[in-house]
Amino acid sequence: MGVSSRPPRSAAFALALLAVGLSGCSLEEITLVESEDVVVAEVYVQVAAGGSGENRATAWLHRTLDGGAPSSRPVPGADVLVTGPGGFSLELASAPDEICVSALPVQGTGSCYATTAEFAARIRPGDVLHLEIALPGGGLLRGTSTVPGDFRLLTPGQPGRCVVEPLTPLEVRWTRSVGAWVYINETLVAGLRAALTPQGITVERDPLYLLGLSVSAADTTIVFPGEFGVFNRFELDQGVALALQRGLPDATSAEVVITAADRNYVNWVRGGNFNPSGQVKIPSLHGDGTGVFGTSVSRRFEVVSSAEPAPGVGPRCDG
Amino acid sequence: MRFNGSLLAALAALLLAHAGWAAPVHGQAGSVQGRIRDDEGAAVYGVQLRLTQAGSLVRIAESDRLGFFAMADVPVGAYTLSFGRIGYGESSRAVGVGPGEAVEVELVLARRPVELEGIVVGAERSRERVRFEETGGATVRELRLADLKRIPGVAEADPLRAVEVLPGVVSTSDFSAAFHVRGGSQDQNLILLDGVPVFSPFHLGGLFSVFNADMLDRAELLSGGFPAEYGERVSSVLSVESDPGDGRFAVDGGVSVLASRVAVSGGVPQGVARALGHSNLRWRASARRSYFDWLLKPAFEFPYHLQDFQGVMEGWTRGGDRIRVTAYTGDDVLDLTRLDAEDFPLRVDWNWGNDVAGIQWTRPRRGGGSLEARVSASAFGTGLTFPDFGDTDFRSRISQVQGRLDWEGRPTPTLRLRSGASAVHLGYDNLARSGGTDFGRGRGTGDLLSAYGQAAWSRPRAWLLEAGIRADRWLPDPGPAVLHLSPRLAAKRFFAGGEGAVKVAAGRYTQYLHSLRDEDLPLGLDVWVLAGERAPAVVSDQVQVGVEGYLGEDWFASLEGYVRGFDGVVTFNPADDPNDPLDDILSGTGRSWGADLLVRRDGGRVSGWLALSFLKARRTFPDMLSPEVPVPHVTYPPIFDRRLDVDLVLRYPLPGGWEGGLRWNVGTGTPYTRALGAYAAYTPRVVDGNGRLEWDGARDDTDGLGGYAVVLQRRNASRYPTYHRLDVSARKTLTRRWGTLTPYVDVLNTYNRRNVLFYFFEYSEEPPVRSGISMFPFLPTVGVEVRF
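Chains as they are written, first to last, in this note's numbering: chain S, 1182 to 1500; chain U, 4 to 791.
Calculated directly from the structure, the hints in this document are not laboratory data.
Cβ-to-Cβ under 8 Å is the rule here; a few derived chain S residues that face chain U:
id : residue
1  : Cys1206
2  : Ile1211
3  : Ala1284
4  : Gly1393
5  : Thr1402
6  : Lys1462
7  : Ser1479
Keep in mind the model is a prediction, meaning the values are calculated, not measured. Backbone N, C-alpha and C fix where the C-beta goes; we use that ideal spot for every residue, glycine too.
Assemble the whole structure, with the sequences as input and the hints as a guide.
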């Protein structure tokens, strides 16, 4: 990934919209009568992504919006099969929506398929997986993915919980995951409202979700928490953003997950060419529909900010 | 594309078929040539010279930048040579031409501050006529200052905006002064200010050009068939020339809704000029700044302003040498650091601009030749900084330093030779870094060593043949060195006594840099990269054939057809592998063909032109949006594939001494990619969702639009509705004792046509709708110019 115009491009588009907005150039609305019916399959195999570090394999099948309603029809009755090295196969069975999704526009607008954690545990980092989805009433979707290689955390050196000095940035380091395209770095910081309100900083969301990225398999560091939240800076209260540049405030804590993601995962999430009507996704499924077959490997730890020694909480994160 | 042998044979046959129309050859004819200077010894260019016999016009010529002119194939006899130019008055002298005699004259034209309308119109005519007679293959269209000021514009006269009205030129948006020529990308236009390249000649993301019309002498667009002396870009050359003035002190100023500007010209006192080794030293300098930020300051902080400064100085030595110095610097500043945090929470400072400087030394040679040396530097840079976040750095820079030597000789009145060499050092540095991650990075340098030779042979009003070759050695770092040989051939066959001509030109053109600007966006900045390990060089083979000629004294018509191939065009790779530093740019091919018609009337009460352009353009790239392996290729019409484009430009008198201008533009719709459907967009969330998907709209504050992704049709398979727009202008020059005052009114889109900029297909609405935004609405602007 060399030269990229994405941040300047979006800024330029915003500038264009600003200019257009100033001149009042809206066009008359025309009602559309046609919408293409396309099946969208979002299939993810996630190694150690579950709350207890278990593997997950889920498929969320939905369709393009049905005639303008902010909903789509589900896709029940599909056969979803993942096969791996040595011929092992996982059949994803119909499951409640909440197994696949945590938030959706309208309930009942998709169909969830999943396998049990025990079955999913057979998947290993580095596996080459094949996906085949037989749609009800005919139609087939296929895709292939290589699970990113295994990696381990270097700082903090042990899984679980660790302690940092307040307002002290922590450089998180890990080993390289072979084949990973990016590391998606998520954190959920708790206790900010209590910590920052006395300083006059308004905290609207607590816990606060922040996202950071390390691009390419070789980029195996990120400074916590300052370099998280790169994509939240426009929407985040600047007082909070600036406070986090200095480190975690005292008496706050954060969950941190580093996820190595494969090509398919990255292409689907980051999107393709600019289109004014919405996001453009780069699919990895071909056949009678579109979608993604993404794989990832995650590592999780928890950080507690404490000025005082806290016996039993955990070791120093950088120790 | 490769040259098709049968096509060339057909073109040759076409030329020969017209051989019978050639004018008779004057075996005993002679020639008249010479140089014309003012009373201070400076060459006077643009002088119209008319050779008459008993009141009948025999030959016409125009002096070049060095004051040289030539009239070949002059029958034996006695003549009157008349010459004149605006600001210099008129003069004449007797000339006798013997059999085979080459008459050499040295003329002096006294400066006189009187403008004669007859001279203006005559000079315009003669310049076009001379170009018709002396230019073989190149398609040259000139925009004069008078045209520029009468073409209705956005706030003020703009040379780049004005180029859009020429045949073969397509603009895709009212919001951008960027243009495309005959199916070429916008980065394939070489834009020169006094011979120095300007990388990104735009203000406000493309809304206005950097060129201040008060500094302009003329702008010339070479839209195809250009000879071997031109390299570096493959599609067109737009040459903007500054006017150093005539040495007398003068001030031009103007106020528009965009900016206020002033240009001051004058001459260095004779004593000082002589002390510096010059007989004459003249200069002009300008400054321009937008003033919205100042004007609106009492109400609120307007975060944007533009400013530019330009200067040119020209000196003539007693020996006739010319030295010319040009400089330009300009900036756009978008400063969001001083806004109230509630209005704009993120403090951002965004600057971009060009810096250009050049010096040129020219020594005229007897007989019309010259030796010229040039050194120049040009740079463009943009930087986006967030003062509160030191981990963020967005920047893009490109620069070049060039040295160049050109020689021209005329061993006989009918043969002109030209050769030269140049060395260019280029460098670029692009970076997009935030949160400890380089989202994009590219840097490199390159050296371009070039040499060319070209010959032009003419038999006046019968044949004009041009042949040349250019060698370009490109040495990028990093990247492999390449050598390209680019032949250029052109032939012109006159008929109807020299009043008409058929012509053909073919050539190879090369380019070693690209702008990765997203052409789908109406506003944007150039992000330049050099050819090398990341991107290929562009190689373009082009053939064009045409017929042109005069229909009476006032009318000129030209019809040209062309075919162009482009190897090595580039675009962003939206699916680039972060582990591969070299795959972020996709290489592809392009092809275009079309025809351009120009009908122009000079003189008379109503003058102007009609330009009609037909274009079919294609681009082919790997289709990175496809899930197939291996990646298939997709061929599509680029957004500048405006199939038919009509421009009508008129200048006419209005009652009360006002001068009117009109531009009517009609163009078939440009391509776009339609969204056929939309679906909810989800993103896996691990930290608090255990890997479950979260609908993007759930945490989108914008109204849920960001929560949907789209299913697209084949790329650019739809077209926007036909574009049309009528602009008018009126200006009146009021003469006062102290100078002139010229108020003007421009009205864009007089009938408020809603030309489409974008459609939004919103399938999440109930029922689904198509909305959108249009380009310029009805937009009146006013301004005033002063001169004293």
